[in-house]
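*Asks:* Which chain is which? The protein sequence lines are A and B, in order. At position 270 of the first sequence the residue is numbered 270 (this note's numbering), and the sequence of numbers has no breaks. At position 159 of the second sequence the residue is numbered 159 (this note's numbering), and the sequence of numbers has no breaks.
Hints listed in this document are in silico derivations from the structure and should not be mistaken for laboratory results. Every residue gets a Cβ at the ideal spot worked out from N, C-alpha and C, and that includes glycine. Careful, some of the hints might be misleading.
[Stated by the list, open to error] Cβ-Cβ distance ranges computed for the label pairs, FRET-style:
#, chain 1, residue 1, chain 2, residue 2, range
1, B, Tyr291, A, Asp130, 54 to 64 Å
2, B, Pro168, A, Ser8, 21 to 31 Å
3, A, Arg293, B, Ile44, 50 to 60 Å
4, B, Leu136, A, Val24, 21 to 31 Å
5, A, Pro235, B, Val301, 23 to 33 Å
Below are the chains, spelled out letter by letter.
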Amino acid sequence: MNSGSSQSRLRSIASTLAVALTLVLAAAAGCDSREEPELPSVQEKMRETHIYGQSKLRIGVATNEPLMGELRNGQHVGFDVEIARYVAASLGYEGEQRLEFVSVATEDRIPSLQGGTVDLVVSSFSMTEDRKQLVSFAGPYFVTTQEVMVPVRLKDKVRTIEDLRDPAYKVCTSGGSTTEAELEKHQVKTFVVKDVGDCVDGIRKGRYDAVSSDESILAGFLASFPKEFEIVDMPFGTSELLGIGVPIGDPALRDLVAFFLQKSYEQGRDGDASPWQTAYNRTLGPWLKAEKRQPQPLEVPKLVDFDDKAPAK
Amino acid sequence: MPVAEPAEPVVAAVEPGRVRWDPAERRARASQSFWTAVVGVPAIFSVLRLGVEAGGELQTTLLLVANVGPVNLLAGFLTTAARLLSTGLVAVFALGAVLAVSADRLPPGTRRRPLFARWADITPAWVVLASFLLALITWPLLYLPLLLPAFVAAFQLRPARLHERVVPRLLLIVALLAGYGWLMLPTMRDAMRQGDEWLVLALIVVPPLLALFVAGPLPGMVIRPLASVTEVAVLATLIWAAVPVITTPVLPLTVTTVGPESGPTEDVRGHVVTTDDVNMVILQERGGVRYVPVGLVRAQVLCPSEEELPRHQLRIHDFHVEDSLLEGMGRRVRPVHRIDAACRTPA
């Protein structure tokens, strides 16, 4: 009898504790449901950027690099342009009226970001440590290598870096590019012009004998003049990581661009048609020797977005 | 199945100066007030919501009243308030049943049974069951484990009901807990990895264990304080939780691109009240009503609101923990939800 009553008392104490704990948990759950997300959201980041509230987004692109960034019949086309359009649309700038493409020469990419004439630069911009002191990069969105393109008449004569050092051949490249520095490192004397397009023009007019630049840029000119040129595979050894240039004072915009590149990367990785893949297939894809995939962007922040609850599969 | 013991036949008999009700009449009255509440509360809430949505402006409220149909209003209210409603009912029935079963331990001389206990007594079992079903499909998955002790309490399912002998009873409990553990293990592992999700872990692990003891009866001395405290707490919670329900918009949020055929455009962020042959009437997010000529409307997109952003990055078998079962199933039917670019631009 006594043990029965003590057991029942024990049970009623356990019941009391259980009821109290359930109520506490419920209260905690209620408070939790009213809290703000811990991670920053895309919307919050948007409010931190310098473009928030701006009616137009200005993006610096090349206008004379076929396949990458080109002005054809008044329309901006190319891989860089398509990537720029995707990023702009993700940031809320869709359609020609809200997007302004600004022609930026290779050497003007950093000054135009610093000077605030453009909000972003998508123009075969290699991410290097030196440049990272001056501008921020989101990416890479493309990995390419440095190559040399020669006119067909020289395709058997210029095969190695050694051949390029021969003073008989005039090697041309664009100023302010990574190629210029790389050629200098290999003691190749170069003629530096404004854009790679000027080099190609020069070769066709007989002023130069070879042009060196990123494979993706050269592939564009090869596509324009397939019978006149040939790309020579040279072991320059460095890979170029192309990134999207962002003003160094706007880390929020850099984070957002990286976040949207990552979104495209994840889509492609899951086997869906990603914006990157579509851009690639429409422009560079058919002209590159080896099939390429979107590289994984670096330093991507964790952000909360509206589609986070969508099923993964 | 009765919820708890049936009501005592003549409760009010001993109180002088009170009208005597026989049980049948009492039940009829209860049913009447129940249906009055079912119809009246949503109606009052909906009108309050319209006032808030209009930004407190009388003319705007009248515009909304003129254009939002009662059916839309009620449906809109139910989609946002079902969660709150079921929470209130579940809390009342669970607490009521526990208090009712402990009521005979009340100190002698206490005449009235606690309020929730009386409510639980007169509520038909199907109403209780319906409230739990409503909670099951509308609560976020993360909070569903809490429904377990509540259900056990409301229907007084003590472990003894599982099996009369101790060993099979223990085996059954272990098997049930193991099944639950298997269901939740991947989520718990994720929560551990994320480090700061202690509340989530507690919400998953603790409630099933509480369910073993929660059914009562409680010791006599805690019944009174528990009854009073929970009555106040439930009322306070309902008021506190009703604020977001009142402030949730009645109309969907859209961004409308406005501008002439060839010329600059403007994005108007707000809720479309109505569209006729001449104008589209938009209640702007920042306040104020805008009449946009129909010919100037270039495009329109539906946008999510920032309250819908998730707080946790956890899933239970690919269902997001902050989705209810209904929402989770919905996402399976229409898996991809693209946010339109126009939604990102500021108001």
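*Asks:* Assuming the hint says 23 to 33 Å, is it satisfied by the Cβ distance from Pro235/A to Val301/B or not?
*Replies:* 51 Å, violated
*Asks:* Do the beta carbons of Arg293/A and Ile44/B sit within 50 to 60 Å of each other?
*Replies:* Given a distance of about 59 Å, which is inside 50 to 60 Å, the answer is holds.
*Asks:* Return holds or violated for the Cβ distance of Pro168/B and Ser8/A against the range 21 to 31 Å.
*Replies:* 23 Å, holds
*Asks:* Do the Cβ positions of Leu136/B and Val24/A conform to the proposed distance bound of 21 to 31 Å?
*Replies:* 22 Å, holds
*Asks:* May I ask you to test the hint 54 to 64 Å on the CB atoms belonging to Tyr291/B and Asp130/A?
*Replies:* Holds - the Cβ-Cβ distance for Tyr291/B and Asp130/A, about 56 Å, lies within 54 to 64 Å.
In terms of the numbered hints stated before, the structure departs from hint 5 and from no other.
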